[in-house]
Amino acid sequence: KNEVEQSPQNLTAQEGEFITINCSYSVGISALHWLQQHPGGGIVSLFMLSSGKKKHGRLIATINIQEKHSSLHITASHPRDSAVYICAVFSDKLIFGTGTRLQVFP
Amino acid sequence: DSGVTQTPKHLITATGQRVTLRCSPRSGDLSVYWYQQSLDQGLQFLIQYYNGEERAKGNILERFSAQQFPDLHSELNLSSLELGDSALYFCASSVFFADTQYFGPGTRLTVL
Numbered sequence: 035k036n037e038v039e040q041s042p043q044n045l046t047a048q049e050g051e052f053i054t055i056n057c058s059y060s061v062g063i064s065a066l067h068w069l070q071q072h073p074g075g076g077i078v079s080l081f082m083l084s085s086g087k088k089k090h091g092r093l094i095a096t097i098n099i100q101e102k103h104s105s106l107h108i109t110a111s112h113p114r115d116s117a118v119y120i121c122a123v124f125s126d127k128l129i130f131g132t133g134t135r136l137q138v139f140p
Numbered sequence: 216d217s218g219v220t221q222t223p224k225h226l227i228t229a230t231g232q233r234v235t236l237r238c239s240p241r242s243g244d245l246s247v248y249w250y251q252q253s254l255d256q257g258l259q260f261l262i263q264y265y266n267g268e269e270r271a272k273g274n275i276l277e278r279f280s281a282q283q284f285p286d287l288h289s290e291l292n293l294s295s296l297e298l299g300d301s302a303l304y305f306c307a308s309s310v311f312f313a314d315t316q317y318f319g320p321g322t323r324l325t326v327l
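Protein chains in written order, with the numbering used here: chain A, 35 to 140; chain B, 216 to 327.
There may be inaccurate statements among the hints.
[Said to hold, decoys possible] The following residues of chain B were derived to be distant from chain A, with all beta-carbon distances above 10 Å:
#	residue
1	223
2	231
3	234
4	243
5	253
6	259
7	282
8	295
9	314
10	321
11	326
[To be verified] Short, incomplete list of chain B residues facing chain A, as computed with Cβ under 7 Å:
#	residue
12	258
13	260
14	267
15	284
16	285
17	299
18	316
19	320
Rather than coming from a laboratory, the hints here were simulated on the basis of the structure. Small disclaimer: the values here were computed from a predicted structure and weren't measured. Even glycine gets a Cβ: it sits at the ideal position worked out from N, Cα and C.
Okay, chain A solo, but in the shape it has when bound (with noise of 0.2 Å):
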């Protein structure tokens, strides 16, 4: 069992929707980073957390340290958060989930 799973592995959306996406882990962690690579390769930083909520234009980002689950939602969804989104986590060293590949449709 992988010690950070996303869900789910892939999504489809139509502009406008409501998006979830769900990391749990394992670890214990200090704190849990939400990355986008978009489909060129380049890897962007979302969010970093370690409690909370988190806000940063139609993201957002929260985590349960209780019960080792973190989301990230996208509010007014469009075609360019097509993307996959990676959940990290700082353990010892950062773990990566392996993904979640979105697709939103005009």
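Fit chain B to the supplied structure of chain A, relying on the hints for placement.
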């Protein structure tokens, strides 16, 4: 633009060869991380340096080594290359450990 630079962008070489990948972190960032992304493995953490010292080690093979220089740039050396080493190699930097990381554009290594 994250402020992290990596050279070269692409590298094509043969099995058994040795290559060096270079990373310059964002100005002011003391931590440098190296990651490998292959098609079948996803992103894997290789190694982290903080202010010139090795800070954490991940799934780095013995054939691979890295270092961070006094000017904080870092190099990842890959030797005795195998076909399976073909991958995207990313460098990232942050101010401290467990801090927001900024990723470079990656070096695509192809081993023929």
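- For this structure, which hints from the list above don't hold up? Structure breaks hints 6, 9, 10, 14, 15, 16 and 17.
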